[in-house]
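Could you put together the complete structure from these sequences and hints?
These protein sequences, in sequence, are chains A, B, C and D. Take the first sequence: its position 254, counting from 1, is numbered 254 in the numbering used here, and each next residue is one higher. Take the second sequence: its position 19, counting from 1, is numbered 19 in the numbering used here, and each next residue is one higher. Take the third sequence: its position 144, counting from 1, is numbered 144 in the numbering used here, and each next residue is one higher. Take the fourth sequence: its position 98, counting from 1, is numbered 98 in the numbering used here, and each next residue is one higher.
Be aware that a few hints might be false.
Residues of chain A clear of chain D, computed beta-carbon distances all greater than 10 Å [unchecked claim]: (1) Asp188; (2) Gly394; (3) Pro419; (4) Asp566; (5) Asp594.
Chain D side only, calculated, beta carbon under 7 Å to chain A, not exhaustive [what the hints assert, rightly or not]: (6) Phe293; (7) Ala294; (8) Thr326; (9) Leu368; (10) Pro389; (11) Trp405; (12) Cys420; (13) Val424; (14) Ala427; (15) Met439; (16) Gly440; (17) Phe476; (18) Asn479.
Quick list of simulated restraints, FRET-style, between CB atoms [what the hints assert, rightly or not]: (19) Leu360/C to Phe42/D: 36 to 44 Å; (20) Tyr639/A to Ser203/D: 41 to 49 Å; (21) Gly28/C to Phe11/B: 26 to 34 Å; (22) Ala16/A to Tyr46/D: 36 to 44 Å; (23) Tyr639/A to Thr60/C: 33 to 41 Å; (24) Pro372/D to Ile592/A: 39 to 47 Å; (25) Leu47/D to Phe24/A: 34 to 42 Å.
Just so you know, these hints were derived from the structure itself, not from any lab. Beta carbons: idealized from backbone N, C-alpha and C, even for Gly.
Chain by chain, the residues run as shown.
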Amino acid sequence: MNYSQYILLIPLLPLAGFLVLGLFGKSYFNKSAGIIGTLFLLVAAILSLYTAYNYFFIDGKVNGVYQSIIPFKYTWLSFSENISIDMGFVLDPISVMMLVVVTFVSLMVHIFSLWYMKGEERFSTYYAFLGLFTFSMLGLVISTNIFQIYMFWELVGVSSYLLIGFYYDKPSAVAASKKAFIVTRFADLAFLIGILILGFQAETLDFGTLIQRLTDIQSSQFIGITTASFFGVSLLTWALTLVFIGGAGKSAMLPLHIWLPDAMEGPTPVSALIHAATMVVAGVYLVARLFPVFHINQASLHIVTFVGVASALFAAIIACTQTDIKRVLAYSTMSQIGYMMFSLGISGIGGENGLGYTASLFHLFTHAFFKSLLFLAAGAVIHLVHSNELKDMGGLKRYMPVTHIVFLVACLAISGIFPFAGFFSKEEILLASYESNKIVYAIALFTSGLTAFYMFRLYFSIFWNKQKDLHSHHGEGNMSMKIPLWILAVCTCTAGFISFGKYVSADGKELASHFHILFSIVPVTVSLLGILLAMLLYKKENGKPQAISNSLGGLYKTAYHKFYIDEVYLFITKKIIFNLVGRPAAWIDKNIIDGIMNGIAGVTASISSAIKGIQSGKVQSYALYFFAGIIAMAIVFVYLWK
Amino acid sequence: MNEIPISHILFVSTALFFIGMYGLFTRRNMITMLMAIELILNSVNINFVVFNKYLYPDKLDGIFFTIFIIAIAAAEAAVAIAIIINLYRNHQSIDVEEAEEMKF
Amino acid sequence: MLADFFILMKAELVITLLIFTLLFLKIGNKEWRNESLLNIINLLLFINLLSGFFIAKEGTLFGDMFRTNELLRFEKNMLNLGILIISLQSYHWLKQHKHVPEFYMLLLSTLLGMFFMISANNILMFYLALELSTIPLAALCNFDLHKKIASEAAFKMSISSAFSSGLLLFGISLLYGTTGSLNFAEISSQLNGSPLQLFSFILLLSGFTFKISAVPFHLWTADVYEGSPVAVTSYLSVISKAAILFVLVSVLYNVFQPLGSNWYNMLFVLSVLTMIIGNLFALRQQNMKRFLAFSSIAQVGFILIGITGQSAEGSASVIYFVLVYLFSNLGAFGVVALVSSLAGKENIDDYKGFYTHNKLLSWVLAISLFSLAGIPPTAGFFGKFFLLLAGAAKGNYILITIAALNMVISLYYYLRIIKAMFMDENKNPVEKINAGLQPKLALAICMIGIIVTGLISGAYNYIYSLVK
Amino acid sequence: MNLSLLVILPILNALLLLPFKEAKQVRLITLAGAVVQFILCFFLLYLFWQEKTTGNTSLMLFENNYKWYAPLNINFHTGVDGISVSMILLTAFVVLAGILVSWKQEKLSKEFFFLLLFLSAGAYGFFISIDLFTLFFFLELAVIPKFLLIGIWGSGKKEYSAMKLALMLMGGSALVFVGLAGIYFNTNINGAHSFDMLQIAQSNISEDIQKLFFPFAFIGFGIFTALFPFHTWVPDGHSSAPTAASMFLAGISMKLGGYGCLRVATWLMPDAAHHYSTIIIILACIAILYGAFATMMQTDLKYINAYSSISHCGFVLLGIGMLTQTAITGAVMQMVSHGLMTALFFAAIGMIYDRTHTRQVAQLSGLLKVMPFISAVFVIAGLCSLGLPGLSGFVAEMTVFMGSWQNADSFYRIATIIACASIVVTAVYILRATGQVIMGPITNNDYKSLKDAAWNEKLAAVILITGIVAIGVAPFWLNDLLRPATDIIMQKISAITK
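See below:
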């Protein structure tokens with residue numbers, strides 16, 4: 001099967017959508033932009049499903065191992081014989097999986113937005129940006145070259161920026177978009193340096209070759225990168241850590257997560273697409289892509305684990321205290337990505353050891369469905385009540401039955417209740433961590449309970465709790481909103497049954513599905529406890545939550561203020577960078593450097609007026625100067641300087 | 001007959017030169033300043049004559065030069081005095097310190 | 001022999017003829033209208049200029065006192081051109097003046113002196129010619145008889161130049177004493193670098209540098225320039241300087257060649273001083289003429305660098321620069337003369353907003369100033385470049401660096417004028433000036449000169465071939 | 001093709017303006033000339049490709065050598081290689097856009113366009129020169145028009161800025177002159193000194209001499225391209241200049257310096273370049289970071305862009321200082337990219353200023369609502385500035401980083417990392433400006449009735465964006481254009497590093 005005939009269309013169709021709508025949308029397609037964008041994406045989604053079918057079931061596998069196929073590659077910019085940026089298209093299990101996820105979720109969001117964004121002034125722009133994002137994200141996942149991934153990495157960043165700032169006349173949205181971009185940019189800096197180190201030490205930027213060289217402990221490149229050290233740490237560790245920082249920035253891992261909650265200022269479908277299902281998992285994807293290299297350098301893998309676990313727990317705690325539903329979901333996303341990260345971190349390669357890897361990507365896969373479902377549902381809710389705050393909600397189940405059900409499904413899924421998708425993937429992660437590191441397992445288990453608690457806190461607070469009367473409301477929405485919700489709900493229910501290990505594993509070989517009913521008892525019980533607690537506290541309107549939060553006092557307050565990390569950042573940027581670096585730089589430039597330049601002019605002018613007395617207007621003194629000049633010359637040139 | 005040594009005469013001419021210089025620098029009367037310049041020129045004349053007579057007696061270069069200097073000094077004085085007269089018309093004075101309007 | 005006499009001294013004889021023609025015009029009975037008189041004179045000067053280009057011969061006269069050759073003829077032609085331009089430019093001033101023939105008689109006398117000076121091959125001849133070119137100038141400075149500052153200027157000029165020629169003569173007398181000859185070639189062969197000779201050379205050099213107003217012998221310049229009529233100022237700053245520079249180059253290069261390393265150092269110091277002091281003073285000037293005086297002092301500093309080159313490139317670049325400088329400075333003075341005589345304004349502040357009513361004149365002045373500042377594509381750029389290049393050939397890069405940086409300072413004050421004309425606001429800018437044919441013609445010549453002598457390499461190449 | 005056409009055409013065009021009085025006629029003629037020139041430049045590119053693909057490997061193509069000042073061995077020697085061609089193209093883009101942007105120039109429009117054309121002639125001449133004398137001639141030729149453009153048509157403290165710019169640039173060219181004189185007198189081609197770069201490149205100047213004169217040439221040209229600490233003319237000059245002049249200044253004139261640093265200083269004096277590379281890199285890094293931090297504190301849009309130019313031009317110098325082929329290629333790319341990008345930025349700022357009459361960031365807000373096109377242009381320029389892939393800035397910066405990293409020495413690497421760090425700071429100031437100016441609510445009611453870009457402004461922006469995207473999306477053509485040329489420079493450098 002020749003992929004190249006159509007495969008390029010997958011990323012290019014959204015790009016075409018972007019170009020068409022971006023250039024002409026405003027004037028020609030302002031009404032029809034949604035349909036056009038959706039159609040482009042529909043085709044792309046079908047193509048990627050077809051590709052996935054082809055790859056997984058027809059010709060991806062050779063001798064029981066999934067191959068990476070590169071149907072297309074073009075040298076984009078060559079720096080030297082070895083090092084060049086190529087634009088390529090790689091097909092391997094994870095990229096194909098991501099293709100499907102991205103196009104599918106994006107399609108859902110496109111459809112959902114038809115209703116959600118209707119009547120927006122910049123409707124066509126919105127779809128153009130969605131197209132741009134989808135294109136960039138697809139480009140990212142199909143990258144064959146580490147620099148290609150960096151390019152698309154930046155592009156998704158900018159699309160995210162544009163979409164977060166979509167409501168540009170809201171100052172908070174503007175600030176959020178800025179923050180998101182700058183924080184991730186900071187991480188990208190690390191990524192870039194990591195790329196430079198990896199690329200030059202491996203003498204290639206191509207993923208395949210790079211991984212091959214850096215995992216072969218005989219190769220000169222590997223010896224070079226491991227023996228060279230900087231501050232006593234090997235260059236490989238540096239490089240991988242830096243790359244991971246890049247990934248952590250995009251995936252909102254601690255401590256670079258601060259942008260994600262704020263990013264919820266964007267339109268909710270955008271949050272569903274970018275900040276739940278696709279872009280934020282790019283970090284996971286990146287680590288997965290370079291997994292063999294990470295694996296060979298356990299030090300960096302430990303960092304991945306540590307950051308993942310910490311983020312998972314940390315975010316879950318904060319999520320329990322937030323009252324903005326999108327922020328809760330955002331922290332939940334962060335927490336879930338933490339799961340994926342540490343799952344990668346504890347994984348090995350080959351057979352059972354590779355369970356973490358498979359589990360991580362499996363969770364990525366299922367998470368995409370239920371989290372985007374959650375967001376879309378939340379979007380529907382917000383659309384109805386015109387507020388993000390929990391206090392404005394309550395008892396909505398009678399107004400929006402569909403949303404209610406799908407939200408419940410998603411909550412169950414994320415809490416890891418059988419038979420929803422989240423159950424399967426989470427079980428695998430927990431199992432993998434149980435087998436490799438008990439502490440991680442314990443924390444993960446606790447977090448899982450927290451997850452169930454805060455998700456159901458959300459659920460009960462929105463749909464049960466106090467009965468709010470909405471005097472005027474425009475219903476739950478039309479089909480274009482309901483269809484994506486249903487589809488995603490169905491996926492959430494069924495995706496778990498895919499035996500993911502068959503397709504995606506660290507070494508490309510088949511990995512049997514792991515499902516031990518005995519092992520599952522503990523996590524499910526913990527989750528159920530969490531749900532129960534949430535039900536007790538939030539199903540009916542009562543004073544208990546308030547009482548509990550009061551009794552927790554400082555702890556609650558700290559969590560509510562997100563552990564003051566934002567403030568720390570603000571301090572660093574405002575006080576240190578701006579006041580201690582920027583302001584002095586500007587001051588020095590204006591007063592010292594420019595001052596010197598002006599000073600030269602000033603000194604010249606003052607010398608000029610200081611010596612004006614020579615020209616006294618007295619002819620006799622002129623003659624005296626004349627004579628003195630002669631005498632001086634005579635002394636100097638006759639006697640001193642011959 | 002004992003000739004006067006050349007150094008004596010040169011001493012005189014040099015003295016004359018500096019006297020003229022001094023006069024030029026210190027006199028406030030413009031006519032006196034002109035006279036001082038004449039002194040300088042005369043010292044030069046003496047120089048020429050002396051050099052010619054003592055060192056290069058076979059040619060008359062120096063003597064001729066002297067004659068020309070005398071003539072030109074006269075011309076110079078004529079023009080300068082004319083200018084001074086005009087200046088007197090404009091300033092009602094021939095004090096050199098009156099003519100210091102332009103400076104710096 | 002007689003034919004030789006006429007041909008070799010052609011330039012001088014034509015000038016003499018002109019002087020006598022004017023004399024007869026003056027003493028004749030007929031009352032001439034100033035306009036027609038001026039037109040006639042301009043025509044005569046034009047003929048004079050043309051006559052310079054025909055019938056040439058090389059040779060010496062009067063027992064080796066007078067010589068002429070291609071190069072000298074070219075230099076004299078340059079001066080002829082300059083005097084024609086000045087004459088055309090001073091049309092408006094002279095139109096109202098009572099003493100037109102006298103002006104030209106004096107002017108041409110000095111020119112005659114310069115011609116003899118250029119051709120001099122004997123120090124006596126040189127001295128006589130120098131005085132001939134100086135004494136009438138003092139009178140010319142006072143040509144606006146009723147002006148107070150004019151008589152002050154003339155007084156300063158006459159006293160200073162008398163003093164300087166006294167020192168020069170003293171130097172010559174000592175030189176005569178040590179070498180025993182007045183002939184350039186013989187002097188040259190007798191030079192041995194003894195202290196007395198060096199001292200006499202310094203005195204001699206001071207006489208020269210007084211005329212071209214190099215620091216510290218420059219102090220008279222600004223006052224005289226400011227007080228004199230514009231025509232005389234431009235004459236002083238261009239023609240008289242040019243003539244002395246020609247002589248200086250030939251004297252230094254030919255006669256004092258044996259003292260080359262001595263005078264190299266002297267000129268080095270003088271040029272640095274001249275550039276710096278000239279620039280520093282020019283920075284603060286308010287009067288246009290005074291400003292141009294200091295600017296011309298600074299220019300001399302650059303010219304001295306060219307002389308330090310001590311090579312064919314050096315003297316070629318000096319002569320070439322003088323040509324360029326003639327066009328540029330006369331271009332600037334032409335506009336200043338017009339503004340001075342027709343609008344009665346001489347201060348830089350008066351030039352604020354000049355562009356509003358006088359577009360063309362502004363550009364002329366601007367281009368002239370750019371040329372003086374050495375900005376391409378004007379000829380001034382080439383002139384300065386070649387001067388500095390010639391100087392750099394000696395490997396004295398300190399001098400070149402100082403000079404190059406001084407060009408920046410000089411740019412500042414030239415741009416100040418440009419700024420005043422083009423950028424500054426003024427409630428009463430100078431009204432539209434109706435220049436008239438003659439000054440326009442003069443300015444056109446200058447502009448063409450500024451553009452053509454640079455971009456077309458012919459002038460330099462020709463001079464270089466003559467020098468070689 | 002006779003390259004002199006590139007110089008003659010704008011000058012003829014400028015002279016042609018003289019008899020016309022109406023602003024309309026003047027700008028039409030100017031535009032027509034600029035369009036012809038634009039086409040001519042593309043034709044040059046086409047011919048250049050054709051020559052190259054047919055296997056012409058000579059150093060310079062389309063050489064013409066006219067005798068000029070024969071006694072001094074000065075010739076009017078022209079020719080182009082890949083670097084010059086790319087610079088010429090850049091000039092063509094910026095000139096055309098600049099003329100379009102100043103379409104509505106009412107005050108003294110004839111003089112304005114005359115000077116613009118004159119300036120462009122200077123730039124073209126500079127880039128085609130092989131002879132150092134003509135190079136210097138054109139370098140200085142381009143200074144005074146800038147002074148006049150800023151001083152007459154500028155805004156703010158225009159006279160001060162114009163004077164500062166003229167004096168500092170002239171100071172630069174004074175140093176260049178000393179450098180050139182040094183080169184001239186220390187080359188000996190068949191017993192004669194030479195200004196001809198091709199000849200000089202073949203004769204070897206001794207190392208001590210190089211060390212003496214390299215700083216002159218490099219700092220001299222460096223002043224043009226905002227070498228720290230001689231960059232102070234940049235903020236004032238750019239911010240006071242009228243829009244088109246800012247575009248020319250930042251887009252073209254600053255490139256003269258970079259080109260000179262590379263072509264004259266580095267190519268002709270490779271030993272010294274190697275010797276001083278550490279200092280160059282340090283200065284470049286300071287310029288990059290310090291410029292970026294200083295930008296962060298600016299409140300005037302033009303100052304923001306001017307300071308960011310200092311930072312971006314730092315990449316050019318960094319690339320040159322790194323002395324690897326990729327880095328040098330990157331430096332040239334950065335020149336082209338920065339030229340287009342900053343011109344676009346200034347165009348956008350100019351359009352905003354024309355409408356709102358303020359450039360203070362704090363006074364502007366929410367312009368996206370009333371002028372979506374201009375805002376989009378502003379954002380694109382900003383994104384290019386912060387190095388978004390798909391736009392030219394990314395390609396150039398990454399090439400510089402890649403090339404810099406090639407030097408396997410921790411000093412170079414740390415320098416690279418410092419330079420890389422600027423991408424974050426750049427993002428900060430660009431987004432701050434964008435966030436305030438383009439986004440947010442409209443605070444000033446007067447802004448609600450403002451009009452979006454007119455056709456000429458749109459066209460100008462589109463032209464520049466086309467250039468930016470053409471490099472950003474498909475950098476390989478530029479890379480292929482530059483590689484052979486930088487290869488030649490590298491041959492001289494690698495001869496000594498080995």
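Mind listing which of the numbered hints don't hold for this structure, in increasing order? 1, 5, 21, 22
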